[in-house]
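Each chain is listed here by its residues.
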Amino acid sequence: MFKNLKINNNISELNKVALFIENISDDWEIPVKEMLKINLVLEEIISNIIYYAFDDKSTHEINIHASIMENNILKITIEDEGKEFNILEVPPPDNLNAEVEEREIGGLGIHFVKKFMDKIEYQRNENINKLSLFKNIKFD
Amino acid sequence: MKIKDQKINNAIVLEINGRIDTSNYGKIDEVFSKHLNKNENNIIVDFKEMDYISSSGLRILLTTFKKIKAKKGNFMLCSLQENIKEIFDISGFTNIFKIFANQEEAIKEMI
Chain L
1 MFKNLKINNN
11 ISELNKVALF
21 IENISDDWEI
31 PVKEMLKINL
41 VLEEIISNII
51 YYAFDDKSTH
61 EINIHASIME
71 NNILKITIED
81 EGKEFNILEV
91 PPPDNLNAEV
101 EEREIGGLGI
111 HFVKKFMDKI
121 EYQRNENINK
131 LSLFKNIKFD
Chain G
1 MKIKDQKINN
11 AIVLEINGRI
21 DTSNYGKIDE
31 VFSKHLNKNE
41 NNIIVDFKEM
51 DYISSSGLRI
61 LLTTFKKIKA
71 KKGNFMLCSL
81 QENIKEIFDI
91 SGFTNIFKIF
101 ANQEEAIKEM
111 I
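Chains as they are written, first to last, in the working numbering: chain L, 1 to 140; chain G, 1 to 111.
Simulated from the structure, these hints should not be mistaken for laboratory data. A portion of the hints provided could be inaccurate.
[Stated by the list, open to error] Here are some, though not all, of the chain L residues that point toward chain G, as calculated from beta-carbon distances under 8 Å:
id	residue
1	I11
2	S12
3	N15
4	K33
5	N39
6	L40
7	R103
For glycine and all other residues, C-beta sits at the position ideal for the given N, C-alpha and C.
Work out the full structure: start from the sequences and follow the hints.
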């Protein structure tokens with residue numbers, strides 16, 4: 001079973017992503033708790049692509065592909081033609097225990113992706129970033 | 001996202017209904033700024049009806065907390081749902097913010 005969504009690199013398109021995750025969760029009976037985490041992960045990744053991946057003002061496509069594999073593993077692949085970027089190479093935030101005065105803004109999005117997904121794979125093919133996320137779904 | 005805005009005792013109590021994400025975090029930022037500009041620096045945010053927050057929303061909470069601290073005010077959060085608590089735990093925010101189980105406790109603590 002798989003589903004696909006194409007969006008543009010525009011923040012207003014994030015609503016389509018939320019809806020897409022809701023729809024696949026309905027269809028594939030993914031529990032709400034899991035759905036919210038998956039939604040969060042996708043929002044963080046796609047916001048980063050929209051904000052940082054492109055230097056021009058043009059419209060670019062972002063492709064999202066979701067499927068359920070054997071052993072109840074949800075696989076989501078995000079492809080974009082932006083600047084090369086591998087989230088696996090981003091170091092974890094080092095200030096999670098800081099007091100509010102010292103706490104810096106930033107770095108949380110990627111942190112959530114790594115915490116909520118069970119496996120992450122990155123490939124750069126020609127000029128395409130391909131990020132694959134895997135999560136073991138605990139069905140009710 | 002809907003925000004119910006009321007004054008209780010010496011505090012502003014904001015009840016958020018819906019989600020805070022990258023597409024709408026500006027709205028809550030505006031409400032915070034409005035109150036801080038009026039020197040209403042004691043703010044309670046009630047998360048009972050909020051089921052989703054992403055890093056954009058967390059960022060606003062953090063920057064607002066810093067502003068409130070600088071103005072010697074008090075910033076409190078209450079009624080976090082379980083999945084929101086988890087997000088706060090993972091981001092280390094549970095240790096930074098004053099979090100209460102419900103609005104009544106936060107209001108009592110404000111006085």
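Results for each hint:
1. For I11/L, the suggested interface contact is upheld, since its CB lies about 6 Å from the closest CB of chain G, less than 8 Å.
2. Hint status for S12/L relative to chain G: holds, with the closest Cβ pair at about 7 Å, below 8 Å.
3. Here the hint on N15/L is kept, as its CB sits about 6 Å from the closest CB of chain G, short of 8 Å.
4. Satisfaction of the interface hint for K33/L is found here, the shortest Cβ-Cβ separation to chain G being roughly 6 Å, below the 8 Å cut-off.
5. Interface restraint check: N39/L against chain G, minimum CB-CB distance 7 Å, threshold 8 Å, status holds.
6. Restraint check, L40/L versus chain G: the minimum CB separation of about 6 Å is within 8 Å; hint holds.
7. Residue-level restraint check for R103/L holds (minimum Cβ-Cβ distance to chain G is 6 Å; threshold 8 Å).
Violation of the numbered hints given earlier is absent; every hint is satisfied by the structure.
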